[in-house]
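In order, the protein sequence lines correspond to chains X and G. Under the numbering used here, think of the first position of the first sequence as 1, with each following residue one higher. Under the numbering used here, think of the first position of the second sequence as 1, with each following residue one higher.
No lab work stands behind these hints, which were simulated from the structure alone. Model, not experiment: these values are computed from the prediction. Every residue gets a Cβ at the ideal spot worked out from N, C-alpha and C, and that includes glycine. Take these hints with a grain of salt, some might be off.
What the hints assert, rightly or not - If we take Cβ atoms under 7 angstroms as the criterion, some of the chain G residues that face chain X in the derived model are: (1) GLN25; (2) CYS27; (3) GLU30; (4) LYS34; (5) LEU48; (6) ARG49; (7) LEU59.
Stated by the list, open to error - Ranges of calculated distance between the beta carbons of each label pair, as one might list FRET restraints: (8) GLY31(G) / LYS335(X): 44 to 50 angstroms; (9) ALA50(G) / GLY292(X): 19 to 25 angstroms; (10) GLY60(G) / THR156(X): 22 to 28 angstroms; (11) LEU247(X) / THR56(G): 30 to 36 angstroms; (12) GLY202(X) / LEU69(G): 35 to 41 angstroms.
In case you want the letters, here they are:
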Amino acid sequence: MRVMEQEKTVTTVATGVVVRSAWQRRILTFLMVFGPGLIVMEADNDAGAVSTYMQAGGQYGLHLLWLLVVLLPICYFIQEMVARLGIATGKGHAAMIYERFGKWWGRFSLIDLLAVNFLTLITEFAAISLALSALGISPYISVPVSAIGLTLMVVTGSYLCWERIVIALCLMDVTWFVLAFMVHPHWATVAHNSVVPTMPAGGITSSLVFLVIAIVGTTIAPWQLFFQQSCVAEKRLRFADLKWARLDTLIGAIFTVCVAGAMMLVGNYGFEHKVAFQDPAQLALALGPMAGSFVRNGVLLLMVNAAVLGTTAISLASAWAYGEVQGWEHSLHKKLWEAPGFYATYIACVAAAAALVLIPHVPLQLVIISVQVFAGLILPSAIIFLQLLLNDRELLGERWVNRPWNNYINWTIIVVLFALSLLLAAQVILPNLFTH
Amino acid sequence: MATFNVTPNMNGFRVVHPLDDITEQKCSTEGLGKIRMTRAVRISLGVLRAYLILMTLMLGYHVLDISGLLHKGH
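Okay, chain G solo, but in the shape it has when bound:
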């Protein structure tokens, strides 16, 4: 771990600002590709798609409604 923000020495503790500190090796996506399709991921993305389709249908209905196309017969 490359965290040297707090370094005890004989006279006290040195506190380094994050912007001045040594860069850490972060968790990287390199070589990982897309997320693994576990059951939780599949269900979550499925629910999200269904939600977005529902919202799109409502928007479509609203556009037709305000354009007067749904009330032409009346």
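So that you can see chain X by itself, here it is in the shape it has in the complex:
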């Protein structure tokens, strides 16, 4: 095709964009592929994660920063496998489990995923209610308005429209860095504790061990596996896009871990000023008189942003997984009436979770415990299936399967995650075992 305006560096043509140099080509291709990796990672910094990271800072100061640095490559290696499988097959994770491991494992994975996702959604709306209540907005306004906004985000019939909105929300998390600078942490200690594990005062206690496990569980969530694979399939990433999808995932992992670190620094400000708190909203209100209203309102609004990001990604993970297993149209490219089952699943998840939060005295503690138990069931199994699928030569051929060094790293990660999930579930289900 002829380039119409040759004097310009970049010229739009009927299909695609023509650029003059190789580096422009690389940047533009990356920008076109960019999205799923950042979104899956940053949406994982949801309301529960904000609470966990700020609690870690509030209870142990800067001592657990190193853990985030350790988790960075683990997040990347797991999600890289997901992106590779999505690009190679063009299908979601739930469909692959059904097709290669049969109906029993397929149903088990799907039901468990839907359960843990739904319970997590309740915690997201609880966080929206909590944060906006602290800003003087009634939950009877904030929760329905958020639910309507979250629905409008997806019913545009355009994947790209949804993706751009969500990337903008992800980038708003840069504000966490501003908040971290405003609370003036001791940067030399931050740098030291990020690379050298140090022991908090009081040594290794069961509370410290389980906070460490909670951080691991928060950073690697089961819905991420299902979400990114479906997202990659939805965006129709091509074989040649794999290197850019890897870069997208790596950038997402680094950004997410840095944001999580910033949350810990804000929590650490509470630790330094001996502020006792149960949730981030309480901490934000307590920090107001000391750090200023920008920090107070910033934490509250970023908590809402985290919950919105988590809700849209988790609801989509459920809707994609359920839609693909049911054989329905399951695409954000479709209009509402073209994929009614897919959109109905998304809307039902959002609406039911929002409605439950508005019921007075809803047992949130029970919901949080159930999330941990269900996540303990689904995460190891989803990762096992992922690893086995990435070694399925019959399906993927030599080009896409894991290399031996991949397998060595991934099996190590899986064994550690199995042990941690079991320990966390045991602590939640059998707390008496750990009190003697």
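Got chain X sorted already, so can you dock chain G onto it with the hints?
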């Protein structure tokens, strides 16, 4: 391979968005059936079953515990 996302021509390179590009032939499960039961697959699924049974037993114990059935004798 049906990847034409980057096409060099005389004036430069054409970069096509994945959503506008020609659909590729992906790795398909069609006709493959279930995964082959190699030793690694058998062991992995066995460990997973054992893990799930253990979790179910712990949950069962917890339900009995909070319902007070385990402490009736005291």
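Violations among the numbered hints, reported as their numbers in ascending order: 1, 3, 6, 8, 9, 10 and 11
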